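Asks: For reference, the chains in residue letters:
Number of protein chains: 2
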Amino acid sequence: MTQSAPLPDLTADQHDRLNRQMAFLREADKLKGILRASRLLDNSRHENSAEHSWHIMLYACVLAEHAGDGVDATRVMQMLLIHDIVEIDAGDAPIHGHVDHAAMALKEAAAADRLFNLLPDDQARDFRALWDEFEAAQTPDAQFAKAIDRTQTPVGNLHSGGGTWTEYDVTMDQMDTRVGVPIQRGAPVIWAWLRPLLVSFFANR
Amino acid sequence: MTQSAPLPDLTADQHDRLNRQMAFLREADKLKGILRASRLLDNSRHENSAEHSWHIMLYACVLAEHAGDGVDATRVMQMLLIHDIVEIDAGDAPIHGHVDHAAMALKEAAAADRLFNLLPDDQARDFRALWDEFEAAQTPDAQFAKAIDRTQTPVGNLHSGGGTWTEYDVTMDQMDTRVGVPIQRGAPVIWAWLRPLLVSFFANR
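Chains A and B are the protein sequences, given in the same order.
Note that our numbering has the first sequence beginning at 44, numbered continuously upward.
Note that our numbering has the second sequence beginning at 44, numbered continuously upward.
Please note that the accuracy of each hint is not assured.
Since the list gives no way to pick one copy over another, a pair counts as held whenever it fits inside one copy or between any two copies.
As a list, the in silico SDA-like pairs of lysine to any residue whose alpha-carbon atoms are at most 25 Å apart [to be verified]:
id : residue 1 : residue 2
1  : K73       : T209
2  : K73       : A246
3  : K150      : P231
4  : K150      : D85
5  : K73       : S87
6  : K150      : R171
In case anyone wonders, no lab produced these hints; they're calculated from the structure.
Bear in mind that the values here come from a model prediction, so they are computed numbers and not experimental data.
Please model the complete structure; the sequences and the hints are all you need to start from.
Replies: Listed below in structure tokens is the structure:
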């Protein structure tokens, strides 16, 4: 064994916390197996919710300058980091699909109970509060996070010739309602950039 | 069209910045196609570098309390968010594989030049400086980020019966050198938790 530097002695509490934290982190691996309706830009396969979460955090970081006053980019990143973890139990609900939203909300709340409670109690409470705030979409941070979450797929679909819009037979009116409303609420500058591109795309197909 | 709320007028500069930011964000989609040596915990397929990046950001967020004094968790998250983007051009170098590290460093620097320069100039400089800091591993933030990056795979391998350790015929001595040194430097508490589990695993296989 080449180990030489002395290791710190862990307290029983540290050891217990690390056991619970690692159990949660291992369970989170399953998000890589949850597939979304959208595909990668090279059309090779469906996107999974773990890589989607990474991608929208990159969107949030790069586009943070377009957030309104009072948005805390760090909290937005944390929301986006955990926003889809409930899909491990509840699955993904495609934005343009036919979804029973009340039933889905119940499934997601049960998933949040199970998954976040793998963590030490204080962290379970913090993560749950952050996820609840994202879902409620009432604070500036949550509204910017929601706007970013809605921005990635249209930017990709514009580039790849339509993507899920073709599959779900989506119209510009539906885009205004389902995508435009949340983006404009949280990031009007981004919607001002995106909407003319969408109008042109939908007029020409 | 149901669009009714007025959209803000974008300045030419805002429009140009958004074009460049979105070009970078679309290009980043390719990280989802870069496969690592490690596999998902259910052994169904290799892990890609985008979902890996999400997972280690979750590790960093959950394990932040085990960082040393003076570590800024927000900067650590940003480093981990972008640390693997160069693999879009340079590919992944497995930690236990036979890699020409000097040649790899040159390829990664060229990749950083191309990819970050898709962004507006100020952001290109900021992202490059953050990536350089991560690579150099000299600051407390970079050392904690490196420690977290090294923690995820062993935690998974312990759970899934060995994973890449079997494939690459890895020994405990190699674990101490390649994994233990960077984890102990950046997060000694985590290594104090992890090392006894590794010793036990390698003694019993």
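Asks: Reference check for the pair K73 and A246, CA-CA at most 25 Å: within, between, both, or neither?
Replies: neither (40 Å within a copy, 29 Å between copies)
Asks: Between copies, within a copy, both or neither: which fits K73 and S87 at Cα up to 25 Å?
Replies: For K73 and S87, both the intra-copy (21 Å) and inter-copy (11 Å) Cα distances are at most 25 Å.
Asks: Tell me, please, which holds for K150 and D85 at an alpha-carbon limit of 25 Å: within, between, both or neither?
Replies: The answer is between: 23 Å across copies meets 25 Å, while 32 Å in one copy does not.
Asks: How would you classify K150 and P231 at a CA-CA limit of 25 Å: within, between, both, or neither?
Replies: Classified as neither: same-chain Cα gap 31 Å, cross-chain 39 Å, threshold 25 Å.
Asks: First find the shortest C-alpha distance between K150 and R171 inside one copy, then the shortest across copies, and answer within, between, both or neither for a cut-off of 25 Å.
Replies: within (15 Å within a copy, 42 Å between copies)
Asks: Measure nothing new, just compare the shortest in-copy and cross-copy C-alpha distances for K73 and T209 to 25 Å and report within, between, both or neither.
Replies: Between. Shortest inter-copy distance 22 Å satisfies the 25 Å Cα cut-off; intra-copy 29 Å does not.
Taken one by one, the earlier hints fail for this structure at numbers 2 and 3, listed in ascending order.
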